[in-house]
Structure formats: C-alpha cells, structure tokens
Amino acid sequence: MSSATATTRPKPPPKWPYTVAGLALIGIVLVAGWSLDDAKWERLPQFPGEILQYAGQMLDGVLTWPGGHPEGQSDPDLTYGDWWLQALKLMGESVALAWIGTCVGALFSFPLAFLAASTTAPLVLRVPVRLFFNAIRAVPEILLAVIVMLPLFGLNPMAGAMAIGIHSIGSLGKLTLENIEAVDPRPVEAVTAAGATWWQRIRTAVIPQMMPETVAFWLYRFEVNIRASAILGVVSAGGIGALLNRVLRGREWEWGGIMLVVIIIVTILVDQLSAALRHRILHGAEATAVAA
Amino acid sequence: MSLATLERADGAPKQVRPAKPPPSPLLIGGVLGAVAATVVAGWAIDFSLAPVIEQWPMLTMILEEVVHPEWAEITDPSSRLWIAMKETAAIAVIATFVGSLIALGVALLGSKVSAPPAVFRVTKSVMSMIRSLPDMAYALVFVAVVTGPLPGILALTIFNIGIVAKLTAESIDAVDPGPLEALDAAGATRWQRARVAIVPAVLPNYASYVLYVFELNIRASVVLGAVGAGGVGQLIMLYFNRADYARLAAVVIVIFVVVIAIDLLSQFLRRRLV
Chain Z
1 MSSATATTRP
11 KPPPKWPYTV
21 AGLALIGIVL
31 VAGWSLDDAK
41 WERLPQFPGE
51 ILQYAGQMLD
61 GVLTWPGGHP
71 EGQSDPDLTY
81 GDWWLQALKL
91 MGESVALAWI
101 GTCVGALFSF
111 PLAFLAASTT
121 APLVLRVPVR
131 LFFNAIRAVP
141 EILLAVIVML
151 PLFGLNPMAG
161 AMAIGIHSIG
171 SLGKLTLENI
181 EAVDPRPVEA
191 VTAAGATWWQ
201 RIRTAVIPQM
211 MPETVAFWLY
221 RFEVNIRASA
231 ILGVVSAGGI
241 GALLNRVLRG
251 REWEWGGIML
261 VVIIIVTILV
271 DQLSAALRHR
281 ILHGAEATAV
291 AA
Chain F
1 MSLATLERAD
11 GAPKQVRPAK
21 PPPSPLLIGG
31 VLGAVAATVV
41 AGWAIDFSLA
51 PVIEQWPMLT
61 MILEEVVHPE
71 WAEITDPSSR
81 LWIAMKETAA
91 IAVIATFVGS
101 LIALGVALLG
111 SKVSAPPAVF
121 RVTKSVMSMI
131 RSLPDMAYAL
141 VFVAVVTGPL
151 PGILALTIFN
161 IGIVAKLTAE
171 SIDAVDPGPL
181 EALDAAGATR
191 WQRARVAIVP
201 AVLPNYASYV
211 LYVFELNIRA
221 SVVLGAVGAG
231 GVGQLIMLYF
241 NRADYARLAA
251 VVIVIFVVVI
261 AIDLLSQFLR
271 RRLV
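Protein chains in written order, with my numbering: chain Z, 1 to 292; chain F, 1 to 274.
Errors might be hidden in some of the hints.
As the list claims (entries may be wrong) - Short derived list, chain F residues pointing at chain Z, Cβ under 7 Å:
1. 52
2. 58
3. 59
4. 93
5. 132
6. 134
7. 140
8. 144
9. 150
10. 191
11. 219
12. 227
13. 260
Hint data in this document are derived by calculation from the structure and do not stem from the laboratory.
Ideal Cβ placement from N, Cα and C applies to all residues, glycine included.
Start from the sequences, fold in the hints, and give me the full structure.
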C-alpha cells in the first residue's frame, strides 16, 4: 500500500531554490543594515513611546475647541481656529498646484505619446521620445525644482506646479503610449482601408478608444501629485509642505496635528472623488449605479 | 438595391446618414468642471509664465554650472556623494524588505477572502488613513525622535506597508475560488487556507509589487534626506543652500543613472514574474 501511494502522488517541487533566494535576501538586508553605521539602532525601542506621546499632543490640538488660544505663542490673539484656516488655505494651494502640474503633464504628454507608440509612429521618432519620457521620470521632482524651477519662478507655487508638471510628462507619456498601443486594431484597419490619412486615423479610430483610460490616468496622477507636492514644500516651492516642515521641526505638535488632519481629510476626499470619477469614466453609468 | 438609393429616390438624402449623437450632458459638465477647476487653481497659484522670459538669464547662468559638473565627486568612490548614495540604497533595501514582509500579513487581514468581515473592514480603513499621509510627513515626525537613516527607514517602511498591502489585498480578492472551496470542504483553518491556497496564488503578483515599491523607495529616499532622514537628499539640500550647482549636477547624474538602472532591472524581473 505504501508503495502504491508513493508512486501515485507526484513529488512536490524542490524547496531549496526558495530557501537559497530567501537566505540571499536576508544576507543583502543584513549587509545593508551593517553598512549604516550611524543608524542608531539602539534608539528603535524608544520610537513607539515617543511617537505615541507626540500623537497624543497632536490629538489634543485637533480636539481643542477652535476658539481657544494655544499656549506659548507670541501672538496672544491667535486661536486654534486660525491654525485650521491656515492649514486649509495652504492645503488648497497644494491641491491647486498639483492640479496645474497634472494639466501641464497631460497637455504635453498627450501629443508626445502618439510620437512614441509603435502603432502610430516610426522607429526614428519612437526611440528619442521614449528616451525623453524615461529620462524625465528618472529625475525626482525635488531636483527639477531646485535646479530649474526655483531659479525661474522663485519661492512660490508656480515653481512646484511646473516641477510636478514636467515630471508628470514622463509617467503620463509612458502610460498614454501604452494605451495607444493597446487599442483594438480593427477600427484602425477599417479607416485605413477606407483611405484615411494618419491624422484621420488617429482622430477617428485611436483617440475615441484610448481616451477613457487616459483621462482615468490623468485623475490618478492628480492624486499622486497631491502627495508629491508635500515634499516640494520643503524647498519652499509652494503648498502646505513648507509650513509642515517648519512646524514639525519646531515640535509644535498641536499645530502639526491640525495640519496633518487637514492633509488626511483633504487627500481622502480628493481620492474618493477621483476614484468615483474614474469608475464612471471607465465603466459607464450602469456599472456605477450598481456599485453605488 | 440598398436602402440608401431607395431613399435617395424619395428625394431625402439627408436621412441616409444617421445623425451624430450630441455630446452627453455629463461630458459637457465634466469638461466645464475641469476648465473651471483649472481656472480656479491657476488663479490660486498666480499662474504666470512671464518669469520664464524674465528670469531666463538666471537659469542659463545656473545651467552653465550644471553642464560642468564636479566629476571628482563621481569618480572618487570615497566621496560624500557615494557615501550618501550607499546610505540611500541601504535605506531602500531595508525598508522594502521589512515593509513588504509586514504588508503580506496586513494584506491577508485586509481582504474579505482571507479575513472575517469585521477585521477586513477595520484593516482597510486604517490602511487608507495611513496611505493618505505623504511619506515626508512620517519622516518629519520620526526625525523629531532621532536623526539619521533610522527615521528614513521607518517612514519608508510605513509607506511600503500601505502600498504593498493595498495591492496585494486586491490580488487576494481576485484569487481563484476553486482551491479555497476545496480546502473549506476539507475543513481547513484560516491559517491553512492562507498558507496553502492564497499565498502561493498571489506570490508572483506580490513579488512584482515588492519590486515596484523598491523602485519607488530609491526615488523617495533620495528626497527624504531633505528633511534630515539620511541619504543623498541631505546632500541635495546642502548644495542647494550653498548654490553649489556643479556638485548638485554630479548628484543629479548619479541619481539619474542609478534610478534608470534599477528601473530596467526591476522591469526585467517583473516581466519574468508575471
């Protein structure tokens, strides 16, 4: 009986490749940890306690009646409500610069993507445009901001918007060209057979097919850009980041807590709105009604 | 004989071609809404391209320095740039590893396939709150406890848990129900279901998400240093504040090459995985 089961049951695949890969990974991680000689690992156990303490103070700030006056501020008339309003205003600026940045990215990436897709452009155009997309994506927004945009626009939100916009050209361009390449080829063949020019083919057979996905990507990029705008504030390129950086570094936890709550609420609201719009664009009215 | 010619004989040629459907009110509303949002946003940030012309000489002066980077920073392997770059890489490796491991567990708690309804609802809403804060906000809070690479690692770890757990939970939702039903019929516990049917099924997707966040982490740890969380971002801020654009250009070149190399490697690996 034992021989029968041994022959009918297939041998399990060998486990050693996984073991070796796992050990190699752990090795790499340990080497990485070892190489960080000023990482102060011994401070790690203090984190939960200290973070909880800061979070508690943040919560105090958030839950205090907005008409109250915070202690230790130079301006005696300052209220918690002023902090709320100021955070909302700056977060509005972050959202606005992310929106303008997304518009710039969409505006430039859209025509360029047609010069980069294998179905609509010859190889000589495709290669340089794709290289351009990849090159732009590889430069972080913060570098674009400090080297190009801050000298041009000064320390204001236009600099952040343009840094985000230029960076978005790369990622939106790549996604848009993938959308163009993924369209159903039959309508394109049909209009070609009917004698359509390159422009007519794009206008009547390609754009109507790829537009919903592309607009959905623009909205998604807008969500990403709102988060990216926070880091640009650190170099004073506009938005809520600059003040957040100053307040948290000054350990003004009550103030910082209010700012973080505003960031969380606005981000979640924009995400929800954008997700609903994307769902409607991609799946149409019926599917949206069912989902709701 | 076709309908078109029949109708043409009737003298009503306009009827042959169906009328173009009018744009839907939703489309019009959407376009108008987008235009309105753009106008408001442009007004809010004082949109103006005039500085491009006015400040052009300033930019050319900087670019003049940028095109003559400090090559010594790049060629000397013991330069500040390479030390910072190694730190950035180490931060990204550790944060990706730790974050992804925790994320696998969180993903199992965050899908209705593997977790009881109450658990997965709570996990999902906690995760979406965690994701709504930018990685920089975490770094800023952690930097208050201690400076150096540690807050950077922790901030990225949390950021990774957010992304990998969300994507993996969505993969778990879509897992083939066949093996799960078989296991349920055989009386498997939740742990056995996860171990035997769910994890093996989502492993290729999970691995590709891990590679994806590793890419993101290399980029993110470049900037986290700007708030004092270790890595090459600290150098960027230092050279920026000193207006040392030749050294800044050297940093750009190295980041550029490293990011592209890691992108290509991870693309190649992901294509093999999925």
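Structure-based check of each hint:
no.: 1; hint: 52; in the structure: 6 Å, holds
no.: 2; hint: 58; in the structure: 5 Å, holds
no.: 3; hint: 59; in the structure: 5 Å, holds
no.: 4; hint: 93; in the structure: 4 Å, holds
no.: 5; hint: 132; in the structure: 4 Å, holds
no.: 6; hint: 134; in the structure: 4 Å, holds
no.: 7; hint: 140; in the structure: 4 Å, holds
no.: 8; hint: 144; in the structure: 6 Å, holds
no.: 9; hint: 150; in the structure: 5 Å, holds
no.: 10; hint: 191; in the structure: 19 Å, violated
no.: 11; hint: 219; in the structure: 6 Å, holds
no.: 12; hint: 227; in the structure: 6 Å, holds
no.: 13; hint: 260; in the structure: 5 Å, holds
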